[in-house]
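Chains as they are written, first to last, in the numbering used here: chain H, 9 to 438; chain F, 145 to 399; chain V, 906 to 1172; chain C, 290 to 654.
Bear in mind the hints are in silico, worked out from the structure with no lab data behind them. The beta carbon of each residue, even a glycine, is placed where N, CA and C say it ideally should be. Each hint can be trusted.
In silico lysine to any residue, SDA-like type, Cα no more than 20 Å apart, as pairs:
#1 F:Lys223 - F:Val273
#2 C:Lys374 - F:Gly299
#3 C:Lys374 - C:Gln384
#4 C:Lys538 - C:Pro592
#5 F:Lys223 - F:Glu213
#6 C:Lys374 - V:Val913
#7 C:Lys538 - F:Arg369
#8 C:Lys374 - F:Leu297
#9 C:Lys374 - F:Ile176
#10 C:Lys374 - V:Gly988
#11 H:Lys378 - H:Asp250
#12 V:Lys1086 - V:Glu1106
#13 F:Lys148 - H:Glu135
#14 F:Lys148 - F:Leu297
#15 C:Lys374 - F:His298
#16 C:Lys374 - V:Ala931
Distance windows between CB atoms, simulated:
#17 C:Ala386 - H:Gly208: 48 to 56 Å
#18 F:Glu357 - C:Ala454: 36 to 44 Å
#19 V:Glu986 - C:Asp563: 22 to 30 Å
#20 F:Glu357 - H:Glu343: 32 to 40 Å
#21 C:Ser593 - H:Glu336: 44 to 52 Å
#22 H:Asp142 - C:Thr333: 54 to 62 Å
#23 C:Ser593 - F:Arg369: 20 to 28 Å
What follows is each chain in one-letter form.
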Amino acid sequence: MAERRTIRTDYLARVEGEGSMTVVLENGRVDHVELRIFEPPRFFEALLRGRSFTEAPDITARICGICPVAYQTSAVNALESLCGAEIPEPVRILRRLLYCGEWIESHALHVYMLHAPDFLGYAGAVELAQDAPDIVARGLALKKTGNELMALVGGREIHPINVRVGGFYRAPTTRELRAHVEPLERAREAALETVRWAAGFEFPEREVECDLVALSQPGEYAIERGRIRSSAGLDIAPAEYDEHFREEHVERSTALHSRTSDGGVYLCGPLARYTLNHDALSPLALEAAREAGLGPTCRDPFRSILVRGVELVYACDEALRLIDIYEEPDAPAVEVTPVAGTGYGASEAPRGLLYHRYRIDGEGTILDAKIVPPTSQNQDAIEADLRDVVSRHTHLEDDGLRHLCEQTIRNYDPCISCATHFLTLEVERR
Amino acid sequence: MSPKPKLAVWKFASCDGCQLSLLDLEDDLLAIAGAVEVAEFREATSGVVEGPYDLSLVEGSITTEHDAERIRQVRAASKVLVTIGACATAGGVQALRNFADVDEFVSAVYASPEYISTLGTSTPIAAHVPVDFELHGCPINKHQLREVVVSFLHGRRPAIASTSVCTECKRRGLVCITVAHGTPCLGPVTHAGCGALCPAYNRGCFGCFGPMETPNTAALVPLLRSQGLTERGVERVFATFNAAAEPFREAATGG
Amino acid sequence: MVPRPFRVATRAQDTADTWTLTLEPAAGDGPSIAPGQFMMVTAFGIGEVPISVSGPPARPGPVVLTVRAVGAVSRAICAAEPGHVLGLRGPFGNAWPVDAASGDILVVAGGIGLAPLRPVVLRALERRTELGAVSLVYGARTPADLLYGDEREEWARSIEVAVTVDSAGAGWTGHVGVVTKLLGSAHVRHAETSAFVCGPEIMMRFTAEALVEDGVAPERIFLSMERHMDCGVGLCGHCQLGPTLICRDGPVYSYAELAGLMEVREL
Amino acid sequence: MLDQLLDELRSDGYRVLGPTVRDGAIVYDDLGAASELPIGWTDTQDGGTYRLERRADEARFGYAVGPHSWKRFLFPSRVRLWRAKLNGGAPEIEQDAPDERLAFVGVRACELHAIEIQDRVFLGGVHVDDDYAARREDTFIVAVNCFEPGGTCFCVSMDTGPRAAGGYDLALTEILDGEHRFLAEAGSATGAAVLERLPRRAATDADVALADASIERAEARMGRTMDAFDLRGLLAGNLEHPRWDDVAKRCLSCGNCTAVCPTCFCSAVEDELDLGGGVERWRVWDTCFSLDYAYIHGGSVRPSARSRYRQWMTHKLGTWHDQFGSSGCVGCGRCITWCPVGIDITEEVAAIRATEEVENDAALA
Ligand SMILES: Cc1cc2nc3c(=O)[nH]c(=O)nc-3n(C[C@H](O)[C@H](O)[C@H](O)COP(=O)(O)OP(=O)(O)OC[C@H]3O[C@@H](n4cnc5c(N)ncnc54)[C@H](O)[C@@H]3O)c2cc1C
Ligand code: SF4
Ligand code: SF4
Ligand code: SF4
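One chain only, chain H, in its complex shape:
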């Protein structure tokens, strides 16, 4: 008799945005795995058309409240490179600093509030706080440090108002930045403790085999700029992205899936960044990684929590370094005159590569836009991982399997808000 099991989660919790998951098992074999995004579509590419290029950072920020700085940065990168704007070093430092703020905030959120409860058997951080208030307080303090940095450089944590094509509206003073040194030093300590704490979790042995894609930039751990590189040896400028990657629209989902142009599944995000750019980490971050038992590469989605921890250490370290070398610019922004043509930009959102492309006319009106967020690039990789995880654990009861599937998904910190342009776990056993 054919046995059919369906395991589903109608609303994935502790991911940003709304999605569901379905897994169908037939006679103990995985028949079908599906990550569904039913976040209603918001049509950003379409509503950007006809807007001024100067509005792109403000409008695209609204795609995602979790990583608005990533959207703003990829947008300004694309438009500035098209218009030939030379960004002065202090302005670039401020951008990277702002981005460090977002990494700290977003990683602290994911590690403490979304991911760690899975390892510790809690429904969420609020529940965890009842038993381990100090730990949650540490996570919140870290998160706050990131937020405060964003609030100073960007004006506010969510949808910063200070970012513009060409730079900023107002450059913070060295004195304002210095006030963040002490909190960042404390945050760096907390980040180190985070890595040690998470290193004590139990990790199932897992490796993903797909191609890893991330930005790389000589001399630094790429965040706000870089060339697109992959573990398979790709090394291209953001302008060449479309030649090597394509987006597909899949029924059942309002998100688009990305593949390499030859149809390959790839993964971006912390694992990719760590594996490709390990050597560029700061000595303290490298030390933390080593202590946590991480080698020079990491392909284990469960251990992504350690990698995020290491990146937390790095982001604090880097923010301190940037504050130290910052000198107030003569002007917070350079004048950017629109140039007709197509501009390409990429940056490393906390969840991975975020690619923007704009075509504008000589007046600066956006003629069309394309935005590829990390979650749509990772969706196929997540599904592949899910399939593999399920096939290895078909002996589990539905509840256990469902929890494992959800955790597998959360390992990737999928951001559904971003992907709309993701998910309920349904496991169907036939």
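Given chain H, put chains F, V and C with the ligands in place with the hints provided.
Okay, now just chains F, V and C with the ligands, sitting in the frame of chain H:
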């Protein structure tokens, strides 16, 4: 002891930023979580508690039939329903579709548009169900969110002004950038709440908190024009994050 | 500017939405209050609102307030059980010149407006022998909204009491209609009458106009005005009515002072 | 000499506040040294515009007034009135008492009058504002006479300037001819004592003449004028004037005029509550242009922009006399300059007076 009030957080079409504001209240989060039973807050917990809910915070706008039905259920299960953010109070940036051809929008984003079912409009929650309080902003101000939550838990009116951004700008002692630099600023017609953030960063307000209580956009537009905004520029600045809020819609469409 | 803690001693429900509280100071003596004066009442953490004193005038002792629950603060005050602490500042404002009145007295009240007039009635009862006719004309929305039922019957033994409602249900045998319609039934000599009026602004205006028409001197028609108040002591600016500050110069004014101001829309 | 003055004041325990350039305007803030003064700057002002410009000289006080006024320190935009802890029993209420001694350097004649007006409002009645009283106590005022009036100034019309006539501890007149120097006059015993400790020499007749002449020149160069004759009567008699409808079309109801006005004193209270049972009451600047300002249960008493503008202007120029015995306007021009759309109180008065006069003429004919 009476049971703790149940707090629920709901999401419709949005960027998640407004509900993230609750988690961004790092200093108060655990106190709030201690004072209420978090009955539904998917971004933060997989725990779910049945309704009815004492306080529902609703983020996002209504863009699908399914969501139009879901908000009615949320309303029915909620004693107090508060909408948070520009999406929920004014349709959000996605309401720009209200002024365009949606089919064309869909085909611009999705290669196989036939898979997408969506309403032609993005509408605020209040267009579908009665709302007890609207908290403005794109995104909302987290301190105001705290005030709303604490106020409703204590049955009081939140101390949230609906005056202009200028009132906050002056309370902060900022120099008016419209008067002193000639920078176009929507502050005089925009709802207070951000604390006059943009003027503090030497930038004109672009209206992300939506219209203030008595917005005289007709009197402001000529000033914006004289400061160098083109007709199209005026149209754009009013038609961004609160495009579907009536006074801004009027100003954007010139009447 | 700092409220003084008072403890709720008694709390009685008058109507579906109105309660009368007596409050005693948490420490020390109670204030001495003239009829018509008001207190600024704080429900801690909720807010502060002006409420007239509805208890007997001029004696230091517990403060009596009759409050209609219309919003957050008034609801919180009405919900304060005995033992609960509220904050009080005051008394503030001027008084009904009830002691200065000689001849006849006409008290006209609409709705919750009877609360600030109760001390007038009580004072008139104390001075009953010195005065001529004393008449109370009182209107409310429905019979269920009428305040001070038993007490009013008590009053009716010494003074004339006429009651009307805007809309009556079954079982109501009394008058139906607005207060002004009942003014003519009051047995007072208009030329010698001092009138004390409190209720919605529009009701006060029509009442005053009708009384003037009947021959009551505008100088002897007294109204208690209401405006937003945040301080109660003339410092916050909210209660302006043209040239006056209601908390400082009022709330009680003669119609002679008010007539011109009440004519101006949205003043 | 100015640096010595600042040092002397600081050594006497004052927090010294004065003009400095920030964000394209001359604002009032903590003053560390005389070099932080707006040296060589002036302002050009008109309805809805303000620009800083370079002067040909090194004048320290060669400007009119900026967006700030001293009310920012005497009547701050947000102060905590008290706090209490709710613990079931009677709450323990603690009042905050400001104890800073403030010294204002660079106070204009119109501003002296504005301070006097707020003194009458907050200290002159039966009930005194504790917070204002504490801040105002022991204020040390260094007035500086105007020699460069602004494009929107009309103190001459309001009889409040440009010469400081009292209400100060020290009054300075900046003399730019020849050697840069100040003519100083003490207006109080405290002022005289501070003056004693400063490097100085006796003023010559020529010094006095130069100082007087600069003030007289200022008098003749007012940017605006307002016919102040019986404004109280004029406005009380014109509460239904069509001009109110006209101005309502232009007015943004943004409240900038009330915030910049050095005499506007309206405030609202906000109660704050934390989840641990702490309660605080804060006093914040309010504006008669808000709907909540005149809210009573059921709605605002002044729902129209017409009635809100009318309230502001008739109060300022008219009913202030009834309430506090003087005009509420000192002719500083801030409400004109800092109104984004440049609504001009002098023009509004003139428009009402013009039509009123027509009516009177008609009555005479
Ligand atoms: C001199 C005076 C005496 C009064 N005496 C009484 C009385 O004896 N009994 C009684 O029930 N009511 C009385 N009121 C009215 C009472 O003050 C209001 O009903 C109360 O302020 C409503 O506040 P709320 O927060 O419950 O309602 P909301 O409608 O939620 O009001 C919100 C806020 O607006 C203000 N406000 C609203 N209505 C009024 C109002 N009518 N007057 C002043 N401010 C207002 C308050 O600041 C209040 O907190 C009196 C008002 C005044 C001015
Ligand atoms: S800068 Fe903008 S918000 Fe501030 S006062 Fe001027 S116009 Fe108003
Ligand atoms: S100033 Fe305007 S645009 Fe800027 S944050 Fe405030 S409301 Fe939004
Ligand atoms: S009304 Fe205008 S001119 Fe008069 S004192 Fe106030 S701000 Fe200055």
